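Engineer: Here is what each chain is made of, one letter per residue.
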Amino acid sequence: MRHLTRNTTGALLMAPCLIWIGFFFILPIVLLAINGFREGGLASYETVFTSPVYSKVLGNTLRVAVVTTVCTLLLGYPIAYMLTVLSGWWRAVALVMVIVPYWLDYIVRSYAWLVLLGREGLINRLLISLGIIEQPIAMLYNLFSVTLAMTQILLPLMILTLFGAMLRIDRRLLDAAAIHGASRTRAFLTVFLPLSMPGIYGASLLVFVVAMGFYVTPALLGSPSETMISQTIMILATELLNWSVASAAGVILLVFSVAILVVYNLVFGMDRLFGGDGKS
Amino acid sequence: MAYGIDVELRNLTKRYGSFAAIDDISLRVPSGSFATLLGPSGSGKTTTLNAIAGFVTPDEGEIRFNDQAVSQIPTYKRNIGMVFQSYALFPHLTVGDNVAYPLKMRDRMSRAAVAERVRECLAMVRLEGYETRLPKQLSGGQQQRVAMARALASRPRLLLMDEPLGALDRRLRDQVQIEIKEIQRQTGATFIYVTHDQTEAFVMSDLVVVMNDSRISQVGTPTQIYDEPDNVFVANFLGGSNLIPATVEGVDASDYLVALGDGTRLAVPRRGQSMNVGEAAYIFIRPEDITVGAPTGAQERTVDVAATVETVDFHGDSLRITARIKNTSDVISIRTGRHQPVGGGADIGVSWKVDVSRLLKR
Numbered sequence: 001m002r003h004l005t006r007n008t009t010g011a012l013l014m015a016p017c018l019i020w021i022g023f024f025f026i027l028p029i030v031l032l033a034i035n036g037f038r039e040g041g042l043a044s045y046e047t048v049f050t051s052p053v054y055s056k057v058l059g060n061t062l063r064v065a066v067v068t069t070v071c072t073l074l075l076g077y078p079i080a081y082m083l084t085v086l087s088g089w090w091r092a093v094a095l096v097m098v099i100v101p102y103w104l105d106y107i108v109r110s111y112a113w114l115v116l117l118g119r120e121g122l123i124n125r126l127l128i129s130l131g132i133i134e135q136p137i138a139m140l141y142n143l144f145s146v147t148l149a150m151t152q153i154l155l156p157l158m159i160l161t162l163f164g165a166m167l168r169i170d171r172r173l174l175d176a177a178a179i180h181g182a183s184r185t186r187a188f189l190t191v192f193l194p195l196s197m198p199g200i201y202g203a204s205l206l207v208f209v210v211a212m213g214f215y216v217t218p219a220l221l222g223s224p225s226e227t228m229i230s231q232t233i234m235i236l237a238t239e240l241l242n243w244s245v246a247s248a249a250g251v252i253l254l255v256f257s258v259a260i261l262v263v264y265n266l267v268f269g270m271d272r273l274f275g276g277d278g279k280s
Numbered sequence: 001m002a003y004g005i006d007v008e009l010r011n012l013t014k015r016y017g018s019f020a021a022i023d024d025i026s027l028r029v030p031s032g033s034f035a036t037l038l039g040p041s042g043s044g045k046t047t048t049l050n051a052i053a054g055f056v057t058p059d060e061g062e063i064r065f066n067d068q069a070v071s072q073i074p075t076y077k078r079n080i081g082m083v084f085q086s087y088a089l090f091p092h093l094t095v096g097d098n099v100a101y102p103l104k105m106r107d108r109m110s111r112a113a114v115a116e117r118v119r120e121c122l123a124m125v126r127l128e129g130y131e132t133r134l135p136k137q138l139s140g141g142q143q144q145r146v147a148m149a150r151a152l153a154s155r156p157r158l159l160l161m162d163e164p165l166g167a168l169d170r171r172l173r174d175q176v177q178i179e180i181k182e183i184q185r186q187t188g189a190t191f192i193y194v195t196h197d198q199t200e201a202f203v204m205s206d207l208v209v210v211m212n213d214s215r216i217s218q219v220g221t222p223t224q225i226y227d228e229p230d231n232v233f234v235a236n237f238l239g240g241s242n243l244i245p246a247t248v249e250g251v252d253a254s255d256y257l258v259a260l261g262d263g264t265r266l267a268v269p270r271r272g273q274s275m276n277v278g279e280a281a282y283i284f285i286r287p288e289d290i291t292v293g294a295p296t297g298a299q300e301r302t303v304d305v306a307a308t309v310e311t312v313d314f315h316g317d318s319l320r321i322t323a324r325i326k327n328t329s330d331v332i333s334i335r336t337g338r339h340q341p342v343g344g345g346a347d348i349g350v351s352w353k354v355d356v357s358r359l360l361k362r
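Protein sequence lines correspond, in order, to chains D and Z. Counting from 1, one number per residue, gives the positions in the first sequence under full-length UniProt numbering. Counting from 1, one number per residue, gives the positions in the second sequence under full-length UniProt numbering.
A portion of the hints provided could be inaccurate.
Heads up, simulated SDA-like pairs for lysine to any residue below, C-alpha to C-alpha not over 20 Å straight-line [claimed, not checked]:
no., chain 1, residue 1, chain 2, residue 2
1, Z, Lys136, D, Arg168
2, Z, Lys326, Z, Ser351
3, Z, Lys104, D, Leu193
4, Z, Lys136, D, Val267
5, Z, Lys361, Z, Ile348
6, Z, Lys361, Z, Gly278
7, Z, Lys326, Z, Gly343
8, Z, Lys353, Z, Pro245
9, Z, Lys77, D, Leu189
10, Z, Lys136, Z, Gln85
11, D, Lys56, D, Asn142
12, Z, Lys104, D, Phe188
13, Z, Lys104, D, Ser183
14, Z, Lys104, D, Phe192
15, Z, Lys136, D, Arg172
16, Z, Lys77, D, Leu173
17, Z, Lys77, D, Arg172
18, Z, Lys353, Z, Asp255
19, Z, Lys136, D, Ile169
20, Z, Lys181, Z, Ser33
21, Z, Lys104, D, Asp175
22, Z, Lys77, D, Phe188
23, Z, Lys104, D, Leu189
24, Z, Lys136, D, Pro194
25, Z, Lys136, Z, Gly96
26, Z, Lys136, D, Gly269
27, Z, Lys77, Z, Lys181
28, Z, Lys361, Z, Gly349
29, Z, Lys353, Z, Gly278
30, Z, Lys136, D, Ser183
31, Z, Lys326, Z, Val292
32, Z, Lys136, D, Asn142
33, Z, Lys326, Z, Asp230
34, Z, Lys104, D, Asp105
35, Z, Lys104, D, Leu173
36, Z, Lys361, Z, Asp230
37, Z, Lys136, D, Phe192
38, Z, Lys77, D, Ser183
39, Z, Lys77, D, Asn142
40, Z, Lys136, D, Leu173
Hints are computed from structural coordinates only; laboratory data are not their basis. From a predicted model like this one, the values you see are computed outputs, not experimental measurements.
Throw the hints in and build the complete structure from the sequences for me.
Structural biologist: This is the structure we're talking about:
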């Protein structure tokens with residue numbers, strides 16, 4: 001009886017939230033999928049999977065997302081580790097330096113890269129004035145500029161997620177490693193790194209899923225001939241008015257992202273990402 | 001020479017800002033002995049242990065192992081074993097790999113030799129066959145023993161233990177205390193043990209180091225510490241004690257002559273702290289050293305005092321009586337056999353042998 005009451009209370013407390021999400025998020029997605037299906041049926045899905053145009057887009061998307069994830073991980077891990085080592089005031093300062101860029105809008109940060117990477121941008125001018133190159137290098141409007149900017153934009157997400165996971169590693173374990181004969185390097189490799197693996201998986205997963213659906217940065221810094229899936233969906237919906245294929249591509253992106261999260265949840269337990277102990 | 005190393009602390013000080021966690025600590029723990037750092041929390045015992053381990057770098061003073069300064073030697077090269085309060089077992093490694101950890105890090109041993117040594121260590125703590133379990137699959141008591149086995153695996157000549165029994169229940173603790181003492185005897189290593197539990201300290205130690213306020217209050221064998229406290233802190237910290245206010249009135253060859261609040265004069269042996277005539281002092285006496293009964297009058301070197309019983313409490317194996325010394329406000333507590341026929345308000349005579357009492361500075 002008591003249990004039931006508690007469940008009911010929980011449901012009631014969650015209700016406003018669930019209604020909001022259901023009405024403004026889930027319902028539109030369902031309508032989108034249904035409308036797309038009504039218009040084009042399975043043929044739209046077939047188009048997305050079989051047409052070389054879309055498979056190239058899917059390939060681009062996966063490639064950019066994977067490279068971005070790997071780059072943010074390689075850059076973010078040492079920074080997150082450093083954050084755990086710092087204490088008090090220094091940690092606060094470092095955290096602010098990580099978080100402040102995160103608060104800036106994606107668009108602002110993407111424009112900043114335009115300024116840096118353009119033909120007449122800071123980097124080209126600097127290289128020319130130093131005499132290293134004679135003609136400006138084309139750094140913009142390709143998957144390189146997209147990946148570079150996305151790495152910078154998603155780095156704070158990687159760092160903060162890793163940092164959260166690393167904070168939960170008991171520092172006494174490193175003392176235990178040291179007193180039982182492990183140098184700092186070996187203690188890191190045998191104790192800290194293995195214990196931070198769930199954090200690595202979790203943070204990579206978050207960054208990967210977010211990167212898959214990135215729109216603004218590839219739209220501003222990418223090339224129309226090398227688009228990512230969100231751009232393609234946008235073009236299909238607003239320029240080509242091909243709603244059924246746009247909806248199919250959207251549903252595929254959604255299903256793919258959710259599938260990754262589900263697999264992670266089954267293997268590690270989603271609550272690890274948010275401070276729980278995960279699956280035992 | 002015994003297997004264990006000789007550990008010496010010389011004028012060790014560690015400050016955090018203006019707070020000294022340990023303040024000018026000097027101590028020698030002889031090779032192969034079991035020393036316990038005993039004190040309330042915040043007394044500096046864990047900081048001392050962490051300095052010996054090398055987790056904490058002292059601001060002043062030095063630590064010497066077998067007469068060699070170790071300040072420049074990093075923790076991982078000090079060849080120490082340690083059992084942590086939280087055990088600090090590696091959660092991602094099996095019991096076998098936890099115990100093998102020091103062997104893999106420190107000793108170049110073949111796989112077979114490592115496996116053999118792991119078996120030996122687990123047998124020593126009676127956990128044979130647990131190699132493939134993970135720490136979280138074990139009970140607290142079992143985890144404690146794995147921590148012990150890991151600490152001993154590479155046969156360290158110094159073992160540090162930081163309140164390793166704090167998380168265990170009373171009965172298990174009593175049993176593990178005896179096992180730890182036995183392991184110490186077998187290995188011959190020097191053990192330095194931190195606790196705030198006096199019974200634990202008494203049962204296991206050769207040497208008890210009582211700490212208070214970042215300093216050492218007294219060092220001695222368990223009986224010395226209990227019977228002959230050097231100061232009021234030690235007297236109070238270790239078990240029940242009576243501290244009866246008195247004033248020094250005279251000194252002779254063997255005794256101080258002191259006066260109680262009501263002017264009763266009695267003798268206290270001249271040992272420990274030296275006192276001057278006129279100085280305020282406490283007479284220290286353990287509750288179990290006081291007997292209740294008719295004045296013994298004639299007996300040599302015995303003190304008789306008249307008192308009024310205030311409360312009588314039944315403690316199972318004994319009675320605790322509190323009684324007020326006649327014509328004073330000073331209350332003494334007495335521990336007697338459980339069949340003592342006294343009740344509240346009764347006038348009694350209490351007596352003790354002069355030689356079990358001591359005089360401490362007030």
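Engineer: Could you work out which of the previously given hints the structure breaks and list their numbers from low to high?
Structural biologist: Hints 5, 27, 28, 29, 30, 32, 33, 34, 39 not satisfied by this model.
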